[in-house]
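There are 2 protein chains.
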Amino acid sequence: MPGARVRAVSDTAMTRQTARDYVDRLERRDWPGLAGLLTDDVVYEMPQTRERIRGRDAFLRFNAEYPGDWHLRVRRLVADGRSAALWLDVRVGVEQQDACVWLEMSERGPISRIVDHWPEPYDPPPGREHLVERW
Amino acid sequence: MPGARVRAVSDTAMTRQTARDYVDRLERRDWPGLAGLLTDDVVYEMPQTRERIRGRDAFLRFNAEYPGDWHLRVRRLVADGRSAALWLDVRVGVEQQDACVWLEMSERGPISRIVDHWPEPYDPPPGREHLVERW
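Those sequence lines, one after another, are chains A and B.
When you line the first sequence up against the UniProt record's numbering, it's residues 1 to 135, in that order.
When you line the second sequence up against the UniProt record's numbering, it's residues 1 to 135, in that order.
Calculated from the structure, these hints are not laboratory results.
Given the structure is predicted, the values throughout are model-derived calculations rather than measurements.
Treat the hints loosely; a few may be bogus.
Beta-carbon label-pair distances, calculated as ranges [as the list claims (entries may be wrong)]: (1) A/Y66 x B/D24: 23 to 29 Å; (2) B/R28 x A/S106: 25 to 31 Å; (3) A/G36 x B/R29: 26 to 32 Å; (4) A/V90 x B/Q96: 33 to 39 Å; (5) A/D21 x B/R113: 25 to 31 Å; (6) B/R61 x A/G36: 46 to 52 Å; (7) B/N63 x A/D123: 19 to 25 Å; (8) B/E129 x A/P125: 30 to 36 Å; (9) A/G127 x B/H130: 42 to 48 Å; (10) A/S106 x B/D69: 36 to 42 Å; (11) A/V74 x B/R16: 17 to 23 Å; (12) B/Q96 x A/D123: 38 to 44 Å; (13) B/M14 x A/H71: 44 to 50 Å.
Selected chain A positions facing chain B (Cβ under 7 Å, derived; list incomplete) [said to hold, decoys possible]: (14) T49; (15) R50; (16) S83; (17) A99; (18) C100; (19) H117; (20) P126; (21) E129; (22) L131.
Far from chain B by the CB rule (all over 10 Å, computed), these chain A residues [what the hints assert, rightly or not]: (23) R20; (24) E95; (25) D98.
Just so you know, even glycine gets a beta-carbon here, dropped at the ideal spot from N, CA and C.
Extracted from the complex, chain A is given alone in its bound form (with noise of 0.2 Å):
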């Protein structure tokens, strides 16, 4: 089915160029940029506090009002079809933690579903020091 395939090509390089600019979007606080990249119904869900946020008005306020001077820096982007994965590099003062980003996008184009994982920095436990190097 060549159709498909450049089909599926298509699609993944416009799921690419917006999960680039989803990012530049809210590095660079450009709030209505960042709302032409959302559907209207938009779901923002955090799997780790079990939080959902529902519409585009409402997360696009949880972005603007999140505390901190916080920077954002693409370490990984792989994108499918209709789906990316973001790996992002965030940055408040000298902090440093990492993220990841699932994104789905419509049939249209704009992202519908977003899934952040904030993994935090923890002790190793023990037992695996004979395998392990720490850096």
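Let chain A serve as the given structure and place chain B on it in line with the hints.
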């Protein structure tokens, strides 16, 4: 560049299958099968604990020795050229945790780099109750 496009689609298909196989071999404790998916010098990293494991033998041993009757299920798989991202549902008894896994394939196909994020549950910070629902 139609040639490059077909090449990229083909890489993506192989990467997607390798990512699926990776989870399958782990879930079945099929260590020879898992070994066949890895380069000799595969590097495994856990950024939260700043731990790194070098080489196929050490990585296989790390998994074989990992405590608990853990089970893995793919919640999302995103493949793109020689990169993939996996969102896994990990269960140990009644305990559930998500994992975010980033895979890189070598030019010849096997996995050359694995990065695991293990986001743990936490309580939501105060101040955003007006925007979120809990589940």
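Here is what the structure says about each hint:
A hinted range of 23 to 29 Å is violated for the C-beta pair A/Y66 and B/D24, which are about 39 Å apart. As the Cβ distance of B/R28 to A/S106 is approximately 36 Å, the hint placing it in 25 to 31 Å is violated. About 48 Å separates the C-beta atoms of A/G36 and B/R29, a value inconsistent with the hinted range of 26 to 32 Å. Between A/V90 and B/Q96 the beta carbon distance is about 25 Å. The supplied range of 33 to 39 Å is therefore violated.
The hinted range of 25 to 31 Å is satisfied by A/D21 and B/R113, whose Cβ atoms lie roughly 27 Å apart. In this structure the hint that B/R61 and A/G36 lie 46 to 52 Å apart at CB holds, the actual value being about 50 Å. The given range of 19 to 25 Å is respected by B/N63 and A/D123, whose C-beta atoms sit roughly 21 Å from each other. One distance hint, 30 to 36 Å for the beta-carbon pair B/E129 and A/P125, holds here, with the actual separation near 34 Å.
The beta-carbon spacing between A/G127 and B/H130, approximately 44 Å, falls within the hinted interval of 42 to 48 Å. Between A/S106 and B/D69 the C-beta distance comes to about 39 Å, which sits within the given range of 36 to 42 Å. Hint check: A/V74 to B/R16, Cβ distance near 22 Å, so the stated range 17 to 23 Å holds. Between B/Q96 and A/D123 the Cβ separation comes to about 22 Å, which falls outside the hinted range of 38 to 44 Å.
About 36 Å separates the C-beta atoms of B/M14 and A/H71, a value inconsistent with the hinted range of 44 to 50 Å. Taken as an interface hint, A/T49 checks out: its beta carbon lies about 4 Å from the nearest beta carbon of chain B, inside 7 Å. With a cut of 7 Å, the hint placing A/R50 at the interface with chain B holds, because the nearest CB-to-CB distance is about 5 Å. Taking 7 Å as the C-beta contact cut-off toward chain B, the hint placing A/S83 at the interface holds, the least distance being around 5 Å.
Taking 7 Å as the C-beta contact cut-off toward chain B, the hint placing A/A99 at the interface is violated, the least distance being around 9 Å. A hinted interface residue such as A/C100 counts as satisfied when its beta carbon comes closer than 7 Å to some beta carbon of chain B; here the least separation is about 4 Å, so the hint holds. Taking 7 Å as the C-beta contact cut-off toward chain B, the hint placing A/H117 at the interface holds, the least distance being around 4 Å. Nearest Cβ of chain B to the Cβ of A/P126: about 11 Å, over the 7 Å cut. The hint is violated.
Among the interface hints, the one on A/E129 is violated; its C-beta lies about 9 Å from the nearest C-beta in chain B, farther than the 7 Å criterion. Restraint check, A/L131 versus chain B: the minimum CB separation of about 5 Å is within 7 Å; hint holds. Against chain B, the non-interface label of A/R20 holds: every CB pair exceeds 10 Å, the least being about 13 Å. The Cβ of A/E95 lies farther than 10 Å from every Cβ of chain B, with a closest approach of about 14 Å, so its non-interface assignment holds.
Non-interface call for A/D98 relative to chain B: violated, since the shortest CB-CB distance, roughly 6 Å, does not exceed 10 Å.
Checked against the numbered hints above, the structure violates hints 1, 2, 3, 4, 12, 13, 17, 20, 21 and 25; every other hint is satisfied.
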